[in-house]
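Protein sequences appear in the order of chains A and B.
Mapping of the first sequence onto this note's numbering: position 19 corresponds to residue 19, and the numbering continues sequentially without gaps.
Quick note: to get this note's numbering, add 1000 to the position in the second sequence (first position is 1).
It should be emphasised that the hints constitute simulated quantities derived from the structure, not laboratory data.
Don't be surprised by glycine CBs; every beta carbon is placed ideally from N, CA and C.
There's no promise every hint is true.
[Unchecked claim] Label-pair ranges, simulated between beta-carbon atoms:
#1 A:P72 / B:T1003: 57 to 63 Å
#2 A:K176 / B:P1120: 40 to 46 Å
#3 B:Y1014 / A:K176: 29 to 35 Å
#4 A:M70 / B:G1244: 26 to 32 Å
#5 A:R235 / B:K1184: 30 to 36 Å
#6 B:G1136 / A:R235: 21 to 27 Å
#7 B:A1285 / A:A183: 24 to 30 Å
#8 A:P145 / B:P1120: 41 to 47 Å
#9 B:G1244 / A:K231: 20 to 26 Å
[Claimed, not checked] Covered stretches of chain A, going by a simulated chain B footprint (3 or more residues, C-beta under 8 Å):
#10 127-137
#11 235-241
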Amino acid sequence: MLRDITLGQYYPVDSVIHRLDPRVKIIAVFTWLVLIFFIRDFTGYIFVTAVLAVVTAVSRVPVRFMARGMRPILFILLFTFVINLITYPGTVLARLGPVTITDTGLQQAVFIAIRLILLIFGTSLLTYTTKPVGLTDGFEAILSPLSRIGVPSHEIAMMMSIALRFIPTLLSEADKTMKAQQARGADFESGGLIHRARSMMPLLIPLFVNAFRMAADLAMAMEARCYHGGKGRTRLHPMKFAARDYAACALLILFAVLVIVQSRGLLPIPQIWKL
Amino acid sequence: MNTVIRAEGLSFVYGWEKDREHPVSEKVLDQVDLAIEEGQSIVILGENGSGKSTLARCLNALLCPTGGRVLVRGMDTAEEQNLYAIRSTVGIVFQNPDNQIVSSIVEEDVAFGPENLGIPTEEIRLRVDRALKDVGLYEMRGRSTYQLSGGQKQRIAIAGVLAMRPACMIFDESTAMLDPRGRKDVLNIMEQLRAEGMTTILITHFMEEAVRADRVLIMKKGKIIADEPPEKIFSREELVREAGLELPPAIRIRNLLRRNGVPVPDRILGMEALADWLCARKKDAGGGSHED
Ligand SMILES: Nc1ncnc2c1ncn2[C@@H]1O[C@H](COP(=O)(O)OP(=O)(O)OP(=O)(O)O)[C@@H](O)[C@H]1O
Ligand SMILES: [Mg+2]
């Protein structure tokens, strides 16, 4: 059950996107997150979706695999859709007892849903195409200018990479404890929410104790291998900007300019269904 | 011969730096004197809580002695500036294979030590490849560490230490959590390292792993109560029992035979050797009676 979460995993194929410098990809994703909120009409969404589709195709991550990753957030998606659908005033389109659906409500709901899907697809493309090591190295490099004002960029990156390393270990540990307790008659599936939450307690406590022991052991092992923070550290795979990274940056700037210009209505194309 | 590690009057108490009047533990190490020569293979035995792991951690400056001193190639472990030179000279492989792997990718994990030492990238690459070949996992270098078996993880941990190019490696019950196959793999790597001249210190509860060592140390309550070659140690049954240990089956049979007047020599330490010796003896005796 815990294993089939594909969201946030690395998808190991070789593509231009996979080979891009993690720093470029991280900055691209943040730009993407901001740009999505600039768009106020359907034409804009069609444009960015088309760009995302092209990038996804180039990345060679199967759409089916990405769609499977959306499953855990399907509920949130549906929930925000419905809430938006029924909470906006405007011209009433349909009425169901006290609940009314208005034209603005429908538009808001559709736009929010599209936005969420684009956000998640965009960010998950980063994790699908970048190894955890690359991600954390990239974050470290991007944050490193801030280390002068006291942001512990190396430490944050190290914590992230250790968290990523230990998630599968802790999950399988949880699985094991769960099975062991089920074998002794514990019941995690039936009963109300509170009952179920309470039945999780005997699962969480050993898990926590275990996690602390792991942390102590790991700290000792890291020290034994001469770990002393980021100072004077070299890398097996140092990050290097290649020609393709400069090209990607140029494309990113072009993309951002296009999205902003379009959202202002400065392009000679109609803005469909403008908010 | 060169002395790699020398401990002089080494004592250790947990929690001593915080509160000298009320430390957390009793004396875990008590006036230990020890000299380990280049290339020796040493096995440390002792019951739970006898201070083996604490000793190991004092030998590579993970713990600082609260009394006496430890010298690694002449460098005092109490001096801050020697820390990384000492830790890269004396490496440790710990017990739990899951809790000593730092990175999610095999080669990244092996590179962790050299990266910390600030070794140039090309040199790290060479060392990582060499270390992975030494433990026979070169083909797995791009794999995720999570998918490996316990034995493979432990071999990665060994490679991680080897990549620092140590002169001495300590294995603190590194085989205890492995299945027989993983255990054999790890022991074979140790044997191969030893043949290449590495000083090895093996801490174990499996007495039969002591058979091939140059020296066997037995610890009890923070003291080294015996330091002898295995064949000597195994003849001193009362000493072994007093330390809370149990002799391997072959040795017990050997000692029982001796008590019943069969003069089995000291060098017989394993089941096969014992069986061979007994058969040879029977043949001799049998041959003798036929001639009569
Ligand atoms: N971090 C610690 N704080 C306080 N006491 C400790 C600590 N670690 C170990 N001890 C105590 O020190 C003593 C020796 O422990 P040590 O781990 O060195 O023994 P060991 O010979 O390695 O045992 P084992 O065979 O169980 O690994 C034990 O009595 C233990 O309770
Ligand atoms: Mg121990």
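In rising order, the numbers of the hints this structure does not comply with: 4, 7, 8, 9
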